[in-house]
Amino acid sequence: MNKFLTILLCLMAIPLFAIQVSGTQSGTWTADNNPYEVMGDITVPTGQSLTLEPGVEVLITGAYQITVQGLIAVNGTVTDSVRIQPIPTFTGFWDGIRLEWEGTGSF
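Quick note on numbering: our numbering labels position 83 of the sequence shown as 174, and the sequence is numbered without any gaps.
In short, the hints are calculated from the structure, not lab data.
Predicted, not measured: the structure shown is a model, and the values here were computed from it.
Incorrect hints may appear among the rest.
[What the hints assert, rightly or not] Label pairs and their computed distance ranges (CB to CB):
1) T182 x S113: 19 to 25 Å
2) G194 x F108: 16 to 22 Å
3) R174 x S117: 17 to 23 Å
4) D132 x T180: 28 to 34 Å
5) F108 x E191: 29 to 35 Å
6) S113 x L190: 14 to 20 Å
7) Q139 x P179: 29 to 35 Å
8) F184 x G138: 27 to 33 Å
9) G138 x I188: 17 to 23 Å
We put the CB at the ideal spot given by N, CA and C, even for glycine.
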């Protein structure tokens with residue numbers, strides 16, 4: 092019984108772990124790794140791309156900015172959106188998403 096309870100508690104704690112992100116970012120963020128906690132300013136450099144797949148949750152923890160010099164694709168759907176929002180305990184304003192690229196991206 093104790094083993095069962097330990098396994099159950101471990102499985103319930105999995106959502107409490109977050110991927111902490113800041114600095115240079117590229118590649119693909121998937122809902123399998125939710126939530127992504129923004130712990131500092133983020134930059135997507137020129138020549139690179141960042142893709143946010145359906146269901147991704149991005150939690151902003153402070154007054155940080157996401158600067159996109161390369162490409163960004165935010166691929167939410169009507170039934171499986173991408174959420175980018177401040178954490179509930181953050182009472183200020185975050186600096187938003189700055190698009191500096193000359194190409195195309197999608198939201």
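Evaluation of the provided hints:
1. Checking the proposed 19 to 25 Å range against T182 and S113 shows it holds: the Cβ atoms sit about 20 Å from each other.
2. The given range of 16 to 22 Å is broken by G194 and F108, whose C-beta atoms sit roughly 34 Å from each other.
3. Checked against the given bound of 17 to 23 Å, the beta carbons of R174 and S117, roughly 21 Å apart, stay inside it.
4. Taking the beta carbon of each, D132 and T180 are about 20 Å apart, not inside 28 to 34 Å as hinted.
5. Distance hint check: the CB atoms of F108 and E191 are about 32 Å apart, consistent with the given range 29 to 35 Å.
6. Range check, S113 to L190: Cβ separation about 19 Å, and the 14 to 20 Å hint holds.
7. In this structure the supplied range 29 to 35 Å holds for Q139 paired with P179, their Cβ-Cβ distance being about 31 Å.
8. Between F184 and G138 the CB atoms are about 30 Å apart, so this pair conforms to the stated range of 27 to 33 Å.
9. Distance hint for G138 and I188: a CB-CB separation of about 19 Å, consistent with the stated range 17 to 23 Å.
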